[in-house]
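Novice: Single-letter residue listing:
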Amino acid sequence: MTSRLKAALAATATAALLAACATTGATAAKPAPAGATKTMPAGLDPAARPDPFPSTYAALPSRPTAIRGATVLTATGQQIENGVVVFAEGKIVAVGGPETVIPEGMTIIDGRGKWITPGVIDAHSHLGVYPSPGVSSRSDGNEMTDPVTANVWAEHSIWPQDPGFNRARAGGVTTLQILPGSANLFGGRSVTVRNVPSVTMQGMKFPGAPYGLKMACGENPKRVYGGKGRSPATAMGNVAGYRKAWIDAAEYGRKWDDYRAKIAKGDKADPPKRDLGLDTLVGVLKGEILVQNHCYRADEMAVMIDIAKEFGYRISMFHHASEAYKIGPLLAKEGICFATWADWQGFKMESYDGIEANAAIAYRAGACTVIHSDDETITQRLNQEAAIAMAAGNRIGLAITPAEAIAWITLNPARAMGIDGQTGSLVAGKRADVVIWSADPFSVYAQAEKVFVDGALVYDRRDPRYQPKSDFELGQPGEGAFHP
Amino acid sequence: MKSPLIAPLALLAATWLAAAPAAAETVAIVNARLETAAAAGTIPSGAIVLKDGKIIAVGAGVTAPAGARVIDARGGVVTPGLIAASTNLSVSEVSAVRETQDDGSGRLTAGFDVSYGVNPDSTMIPLARQSGVTRGVVTPELTRGGAGHKDDSGADDFAGGGGGAAAEPGMFAGQAAIISLAAGDTDPVEKARVAVGLDLGEAGARNAGGSRGAALVLVRAAFEDARAFARNRAAYDRGATREFGLSRVDLEALIPVVEGRTPLLIRVHKASDIRQALRLAREEKVKIILEGAEEGWRVAGELAAAGVPVIVDSQADLPSAFEALGSRLDNAARLQAAGVTVAIMGARDFNNLRQARFNAGLAVANGLPREAAMATLTSNVAKIWGMTGVGSLVVGQTADVVLWTGDPLETSTWPVAVFIGGVEQPQSSRAFELRDRYATPSTTGYPPAYR
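Line by line, the protein sequences give chains A and B. Taking our numbering, the leading residue of the first sequence gets 17, the next gets one more, and so forth. Taking our numbering, the leading residue of the second sequence gets 6, the next gets one more, and so forth.
Looking at chain B on its own, in the form it has when it is part of the complex:
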């Protein structure tokens, strides 16, 4: 386990592996449009210098230092590495193959720790890097509830799958983790237990046996138990406390939440449910981050006043459920205009992380200012998740940097170079190997397996 910002450790890990990408070198990317996602905004033409895993210079007047490897961007765009705001990347390889799924809480509730299942060999990590993603927040799901996976055969095909839940599954999805996507990193977990997940709304009601009132009472009761447990550990160990609704490990995980040190990641959609989430935070004195928030625009002022950030999928515009009747394409724009810190996600699914940047483009088409859109993929995500030192092109920050062929929110562009902690990442991925095997007809008479 390492802190996100101890770059030397990351460098060490990278250099230590012979097969890993080249160690951090001094690199200057010149003749680039710099989208800093910071106070400097967008710099139409300039350069950025990466050294010892950090950004050491960025701006219009910057030139390449002696000895630096110089990359001429030829007018391409440099952005901070994108940060997946909520994903199952690295804990899910094939949705329909149960054995490759490690994002469900299983027998636990708040105590589930997704970080233990992070798979650095997931073929989806290199694919995500090819979407410009350099870090991600791996978020858990409650095994009994949750939305399940989108299926091509119709919504009900996986119905009745469920399974594996404990008799008393509780309400909490477990604890999230921040990962790095650096190639060759055998321990990609930057920080574990960064939040505890919770579904409210329809999923929360379902988890509680059928209604919202039950869900919120259970959640508040769990907080009360966690506080009582924290005050009386010794008595608990002697068996001298009243009975608690959750197991010891689940209560342990809630202590930093009720103490306001670790946020709750609340998946919630409807305006009235969002208000209940705000009230819960206020009354229980817990920090919250919202995910989904399709009707967030209806309570944007309240969210801004409470300083509660949101993670949205800006494609959501259908009344897909009774809790999402007010979904709008300009949700992100309205939230941002009201002063809410907004992050934009693609699909939660590992295999659609590329969608995040196009979703930001879609939000721009629906009113989000262009510079704000870049922040929804980078600096805002870092801010929401308490990741210091990443998410913008600022001197002293970790050199997570992506060079794009053009506007990174456009469908027609791709990353030409991805740096994580100053180390240029390989371009290869399983998908690219498949592509290259079949892109041109074989001329040898041998099957593609020989290529």
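If we strip away everything but chain A, and leave its shape as in the complex, we get:
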């Protein structure tokens, strides 16, 4: 990771966080501009309640805890032997070597022989929107009715009882970005959730996390709509579709700006009709919503980068990115993260050039590297997916260490999701999202033994009291099936 990239990402993340923080919180809805509130309900003005489905997440009860004697991967490049991790009141208090002072009154966990990492972050998940069991009545991930559905929000499709959340937690996953599918050029808003059991979606929402916008390159949109005799039917149709939408968004944003300027001057003005889809696109143009762009091929990623420049927005991350290894330096220069699997490839033409060393090669070229799942099974073992990707690099002498590769599933996805100020690494002051592993997490034999979210124990492989079950699983033959 270059320092320039770090700076660029940090700046964006901070801006996005500020933007999001300024408008979130159940009681802190920003007042609409004078003159607007009197004449229309909040739902008609995109600025009145930018967070209409606010997070109700509250950390679960926790005890001040210190883990000592473990090997600690901080995700900031350090591997600490015989390390100590201390957290209290939901935040990390200290991380260091055996000399680290443990305050009085801590619950002490013996970490000898164990490994500690930040909570795993899956930057590409469809849990909740494509839940288990996979039946058509719960298939809520793709609004395949129009190539531009920036108006839909993945959070409105999430079924919080998806047993997949529990399985992912048992694999150390503490935060997920839930995305709409990739049938559309603009698939809708993603949402970032804390991986805690909740009756409502709002109870999982990551407070202050910026929204993402799912965009999709390539074969899916043109197959889905071309197959219906509609545009896009070709790659060039895809690009025309993106550009048209950004033109529409710019015009829409200008109408609202003009309206607000007139109201501010005391002039009379009719508010524009609110458009949920264009609201989201305008959010991207303002830097408040992060673009999460499904895109496999190197050449298509390069085109998407030019579109972003043409309309003045930033791509936060390319997802899948099977050909990132062909354009590592470009991704590094542009400060765009890429998320991929270890080696899932060949399932369609745009993934035909996928290789195991994809992540490792682009990483060594300086690109912000993320290993994602896009899959309810892989999400349970992102540590091993990263391990396979790391081994493929090491096979050709790239000498990637666990201390580096752990960031692929923790700090780097946090950056791409705009939450790296809050989680993703073991640094004092951050949320205490922590996993204790039975062994080196890059080993096939490693298991997450204890998982903490905001300092609260949310999963314990050895203690049935901390093995939550979905409502769906009660009374079923597989109840609690992922426990020993």
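FYI, nobody ran anything at the bench for these hints, they're computed from the structure. Owing to the predicted nature of the structure, the values given are computational and were not obtained by experimental measurement. Just to be clear, a hint being listed does not mean it is correct.
[Stated by the list, open to error] Some but not every residue of chain B turned toward chain A, in silico, with C-beta under 7 angstroms:
(1) A101
(2) L323
(3) P324
(4) S325
(5) A326
(6) A370
(7) L414
(8) E415
(9) Y443
(10) A444
Ideal Cβ placement from N, Cα and C applies to all residues, glycine included.
Here the structure of chain A is known, so what remains is to put chain B in place on it, guided by the hints.
Specialist: Same frame as chain A, but now just chain B:
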């Protein structure tokens, strides 16, 4: 077509091609940890000698014979070549490109023969060798039903694809084949028609028009027709038999099944459906192999008592369907403990065969004994599929041997040498060529296409 165990033929094929890998030579791999997948278990340090395509010595006290090429394993691990227990390798190149898909039964049912479509030039074969896979069982799917391919865009994107099925598609997926992954082998099919595929459970119900009861009645009726056909071929040819539900080629393919010579490969998941499969086998006197069997642990004792082997994906732990509500990560361990012969597969898909060895590692993390795990990838697969002479490191066996950098179930290892029939296989693959083209920046000013 050749028998799996006529190694001289394989050797001949390899030597005959100038561009093929070096012919079988005498090779000694010394200073290795030997995971034999046989009675000898794991030998912490020893050597193995390959000669004339066979294993001629293996053990702790073995030394390299004079004239042998000696490979110092430096503590690396030697295992039998892995055998993909059920795969579409060589009959599927790009899942979403219909023209490269030859694993679907098309207009046929039991009569479909996957072996005719095996593509020795598939770029996925060298890739699979780099996962240590030396042989594979290529299994068919019923074109109308089946699970379809995992897609990155959401489960429904390929919905409505289907197509190509006959008016009466029947229930059977067609006939499987065993292939060798040897480079330069122009006819990789070792044995065709080794099993007939059948989906039960939800897919079977769907194939039968909607319910399990219809599926099992259709299957039993097809067996009855096959028996009647076998007894009355002449009458059939005269048009003097009653009407049969299947075509002549489909009935022909079922004859060895109803005669108990060829197994049915049944894809089935739920405990009650597994019990129906066991009952079907018992009452119809057919041999069966189960694939999937996510709820196998619930009927492990019955499976063991019936001597029915299973092929499992040990990652399956989600209630992914109503027929898989009991999926558990320790399914393989529980089945093995109950005495069931277990094979572990990766994804069926050609492009994820590497997952099989990691799945075996995962099964170990969830209770499967380590030596048993190696057998699930090698000797058990051979046993299930009736492949004699491969699958373990035993003197006299075909020299399908892999040398690994370390524990082959670990994420951090890779094969450093792969032998098939005693012939060391090339390390190249399309994926490696792509990798090497881009692994380092070009310094010539020319685009990567010149590298």
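Novice: Classify the hint on B:A370 as holds or violated, based on whether any CB of chain A lies nearer than 7 angstroms to its CB.
Specialist: 5 angstroms, holds
Novice: Min Cβ distance, B:P324 to chain A: is it shorter than 7 angstroms?
Specialist: Holds: closest Cβ of chain A sits about 5 angstroms from B:P324, inside 7 angstroms.
Novice: A closest beta-carbon separation below 7 angstroms is what the hint needs, so does B:A101 meet it against chain A?
Specialist: Holds, about 4 angstroms.
Novice: Minimum Cβ distance from B:Y443 to chain A below 7 angstroms?
Specialist: 5 angstroms, holds
Novice: Would the stated hint for B:A326 survive a check requiring a Cβ distance to chain A of less than 7 angstroms?
Specialist: 5 angstroms, holds
Novice: Quick one, is the B:L323 hint okay against chain A at 7 angstroms, beta carbons?
Specialist: 5 angstroms, holds
Novice: Does B:S325 pass the interface check with chain A, least Cβ-Cβ distance below 7 angstroms?
Specialist: Holds: closest Cβ of chain A sits about 5 angstroms from B:S325, inside 7 angstroms.
Novice: Can you verify the interface hint for B:E415: is its Cβ closer than 7 angstroms to any Cβ in chain A?
Specialist: 5 angstroms, holds
Novice: Taking the closest Cβ pair, is B:A444 under 7 angstroms from chain A?
Specialist: 5 angstroms, holds
Novice: Can the hint on B:L414 be confirmed by a CB-to-CB distance to chain A that is less than 7 angstroms?
Specialist: The hint holds - B:L414 has a Cβ within 7 angstroms of chain A, the shortest such distance being about 6 angstroms.
The structure shown violates none of the earlier numbered hints.
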